[in-house]
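K.L.:
What follows is each chain in one-letter form.
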Amino acid sequence: MNTLIELKHIKKDYVNGEIITPVLHDINLSIMEGEFVALMGPSGSGKSTLMHILGLLDTTTSGEYLFNGRDVAKLEKDALAIMRRNAVGFVFQAFHLLPKATVLENVMLPLVYKGVEGDERKKLAEAALTSVGLSDRMDHLPNQISGGQRQRVAIARALVNDPAVIFADEPTGNLDSVSSEQVMGILKDLNASGRTIVMVTHEPDIALHAKRVIRIKDGAVQSDTMSDSKPPLPPSTSSTPLS
Amino acid sequence: MKLSDLAKSAGQSLFQNRSRSLLTVLGIVIGIAAVILMLSIGQGAQGLILNQIADLGSDQIFVESGSSDTANGPPSPFTEQVLTLDDVDTLRRRGDFAFVGSQLISQTTVGNSEESLITSVYGVDEYQLEIFPADIATGRYFDNSDVEGYSKVAVLGEKLASELFGDQDPIGEKVTVKNTTFRVIGVLAKQGSRFFQDLDGNIYIPVTTAQRDVFGVNYVSYIAARAKGDLEEAKEEARFILRDAHKIDNPEGDLAKDDFNVSSQEDAVQTIGIVGTALSALLASIAAISLLVGGIGIMNIMLVSVTERTKEIGLRKAIGATESEILRQFLLEAVLLTFFGGLLGIMIGVGCSALIALVLTHVIDGWQLVIPPSAILLSACVSTAIGLTFGYYPAKRAARLDPIEALRYE
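In the order they appear, the protein sequences are chains A and B.
Just so it is clear: in the first sequence, position 98 is 403 by the working numbering, and no numbers are missing.
Just so it is clear: in the second sequence, position 367 is 1851 by the working numbering, and no numbers are missing.
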């Protein structure tokens, strides 16, 4: 297994005028290919900032960030954008689907920026939607499908450019428990087929789906534990909440 | 991101908000339509006048009372009338002109036992038709003896003849001009209008009779002549003769010292050109203001659109859109908006011009629909430029949004 992500002495301060608010101090972290990591911590702990840095959306104040062996800490905005389109997929709590575009068009969007041709684009998007079980909803608009289905569309969108890692920011935060289990099932299936997943959550029962849990508190890593390697249950049989 | 995807995305976004897009671009539509319409009407009028001048011939000279200073303004009732029939004789005797004719023009009542109306009375002489050619429908025109002998005879315009006499033959009938009775000896063929004046309602009488018996004056309104050779030389010759006749000491040829003004159709053409240019400049500035206002409207709505779509922009950036891709998307939306607004404006402008031309051809003889191709090209370019100019700032704002903050925007 290769090391996909390596953080060395990462610091992040927010600067507002003369007030400097430190958010992350001296984070050291490695994530290997094929891991399923849950970042946990209370609000204000810095877990979201950490995920934004990991997801190449935010820059660091100091420290070294190696993504796939490449130092990305000092990259320009456009270079980061190009890395995001090629190597990263995002799943957000609020789905962030374009409301006036169909499900298929939403999933094709990352490929538009990647410069994939129209026919190929459609083929890849259809495959991604089929893999999340939504092949029959492609022409629907986001407001015509359920919340759980919307998040599955978002997962298909994160998946469609074949990224090295998928970042999921509270992916079940807006979902009921049944939909949550479905979404987690899909993420686990993706991980089982080799996809690296980094997920932010504050729900312990959701974090249990991950193989490794990193707890963040006051901008530092509080604990980093591997969960018991019990076999994951298929989503359809997990009828009771795990907590 | 490929250009075709960019265009598709921008087009979709405008189409999804089509009623707002239409309202936004209305300022541009109206501005461009007005530009096309005004240019079309302006050029149509100018073309019509220039055509009429060309029909009339370009060798005519006009002498009016008043120095060149006053003559360039509107005709003033306070200008002293200094031209007389003696001046006409002097010009004929001493000058080398093809024809010299006198005109005394005034409005008064003209009537017979049944009808009475106010129209233009032209006191003219036997050279009138040589200078302003017109056909005689029935009867005859004045000859030298009518003018010399203060004859009370009249020639009617075609419309006046039918207004006074209907289908009846007017030759030999009586008409009263002011308080004097004239015998009709001829009717002119239909002439239409010239310089927006209806010529067919006029009555023509000998200038001598007009001076002595009708109006009680001893001047003429103007002297018209046709040059034999070079027009400028002929004008200079007329000035020289009249300065001598009016005892004006003006060897240096300062036109402001003269009590008369000599002009030609060419001067009129030039004046029309100057007026046309000034009018175009005025219309252009009005159009520029309306397009500026339209452009500010575009900027306003684009800013609203950027704010409304903050989350969308955040998402696009998160999945890998660069700043320049976001910039191009919003800039293209603005340009598409104004370009199609411009096209719509051109269509409406051309349509209205055609409609107005259709009406005017019935009212004004010889009116033609003119749509300058340069105006269409200019309108298309200007509307595109407005999109680029007023779309840039909102697009730049969209491009600079921070993806994390944009995704969090509520």
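You may find that some hints are simply not true.
Facing chain A, according to a computed beta carbon distance under 8 Å, are these residues of chain B, among others [what the hints assert, rightly or not]:
| no. | residue |
| --- | --- |
| 1 | K1486 |
| 2 | D1489 |
| 3 | R1502 |
| 4 | S1503 |
| 5 | R1504 |
| 6 | L1507 |
| 7 | E1750 |
| 8 | D1751 |
| 9 | T1794 |
| 10 | G1804 |
| 11 | A1805 |
| 12 | I1888 |
| 13 | E1889 |
| 14 | A1890 |
It is worth saying that the hints were derived from the structure and are not from the lab.
C-beta: ideal position from N, C-alpha, C; glycine also.
K.L.:
With reference to the structure, classify each hint as holding or not holding.
P.N.:
Hints, one by one, checked against the model:
no., hint, in the structure
1, K1486, "holds (6 Å)"
2, D1489, "holds (5 Å)"
3, R1502, "violated (12 Å)"
4, S1503, "violated (14 Å)"
5, R1504, "violated (13 Å)"
6, L1507, "violated (18 Å)"
7, E1750, "violated (64 Å)"
8, D1751, "violated (64 Å)"
9, T1794, "violated (11 Å)"
10, G1804, "holds (2 Å)"
11, A1805, "holds (5 Å)"
12, I1888, "holds (5 Å)"
13, E1889, "violated (10 Å)"
14, A1890, "violated (10 Å)"
The structure fails to meet hints 3, 4, 5, 6, 7, 8, 9, 13, 14 from the earlier list, while all remaining hints are met.
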